[in-house]
Amino acid sequence: MKSSRLVSILLLLQTRGRMTAAQLAEELEVSVRTVYRDVEALGAAGVPLYGDAGHAGGYRLLDGYRTRLTGLTADEAEALFLAGAPGPAAQLGLGSVLAAAQLKVRAALPPGLRPHADRISGRFHLDAPGWYADADHAPHLPAVADAVWNSRVLHVRYRGWREPTDVDRRLEPYGLVLKAGRWYVVAGPGPRTYRVDQILELANRDEEFTRPEGFDLAAYWAAHQRDFHDRLHHGEAVVRLAPGTTLSGPAGEAVRRGGRTDDDGWTRATVPIESVDHAHAEFLRLGAAVEVLAPDELRSRIAGTVAELARRYGNSGASGGD
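The numbering of the sequence shown is this note's numbering, which starts it at 7 and goes up by one.
These aren't lab readings, by the way, just hints derived from the structure by calculation. Where is the CB? At the ideal position from N, CA and C, for every residue including glycine. Heads up, a few of these hints could be off.
Label pairs and their in silico Cβ distance ranges [what the hints assert, rightly or not]:
hint: 1; residue 1: Q29; residue 2: P195; range: 50 to 58 Å
hint: 2; residue 1: R266; residue 2: V173; range: 47 to 55 Å
hint: 3; residue 1: R318; residue 2: A229; range: 42 to 50 Å
hint: 4; residue 1: A51; residue 2: G166; range: 42 to 50 Å
hint: 5; residue 1: A248; residue 2: D172; range: 17 to 25 Å
hint: 6; residue 1: G166; residue 2: Y226; range: 17 to 25 Å
hint: 7; residue 1: D172; residue 2: A309; range: 40 to 48 Å
hint: 8; residue 1: E46; residue 2: S254; range: 52 to 60 Å
hint: 9; residue 1: E32; residue 2: G250; range: 46 to 54 Å
hint: 10; residue 1: P195; residue 2: A316; range: 52 to 60 Å
hint: 11; residue 1: V282; residue 2: G250; range: 38 to 46 Å
hint: 12; residue 1: R266; residue 2: R217; range: 16 to 24 Å
hint: 13; residue 1: Q20; residue 2: R217; range: 22 to 30 Å
hint: 14; residue 1: R217; residue 2: A309; range: 53 to 61 Å
Make a model of the complete structure from these sequences and hints.
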């Protein structure tokens, strides 16, 4: 719609400063001719917008001009307040900043949209960690976030999972990622991924670094996850599942894509596994609702465990001691 596009032009110029007609057209996915017409419409409406010709030209707003957010739709207002996650903001040391920002946005909204924004806060709450996950205790998170924002080098004492466990690292922090309630810092050289809660000591020596040109944090994280899952699930198992039994994650996806139903109603599928040890524990949780057909090592391990359980619980009159 033209009205929303006009507001978008205003907000783009307000946040980015000078922009050419070509840049605005690319951002809004319209033609340059459409941008010219929209700019004329804004000028006719009294918006102090002017353009300069030449190589370094473009459109900009008169210095000091700020538009109120009256162009927000109800859906946009609701999404804005849903996006403000108070838990992660507080962990980053930005809890009060987020609260102040939301207060200012609410005050700038037209009266008809304020109930929509308030309704989001009262009906939706974002809680990132899983049910059985311990809270991520990361006392150095605010300092890491500050280093990310200001492109400052960090010298850390980090606890890894391989020997030697405690190592010294010089990090150039490119960005922070919150995944399932746990914070990770993506840092160069490399880049590599580090858990923030595993940083034991931290020092900032006011050394600046240059962020790699074109580095895309979201794209890096997506590739990192794909690589993690590829390395994690390097084995396979052939299983049969009782009707109504489901698996989660990559195994569940494999069943949905390649499972076939046998004559007795059970589903047969080849699923990825992390290791024999991990699969042994995971499939035992399903009890008699799963039968492992291969590999032989995994089938034998489960059979041995079941036999031991049968021996222990076979005598119902046992008192429970040796």
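| task | Check each numbered hint against the structure and report the violated ones by number, ascending. | result | Those not satisfied are hints 1, 4, 5, 11, 12.
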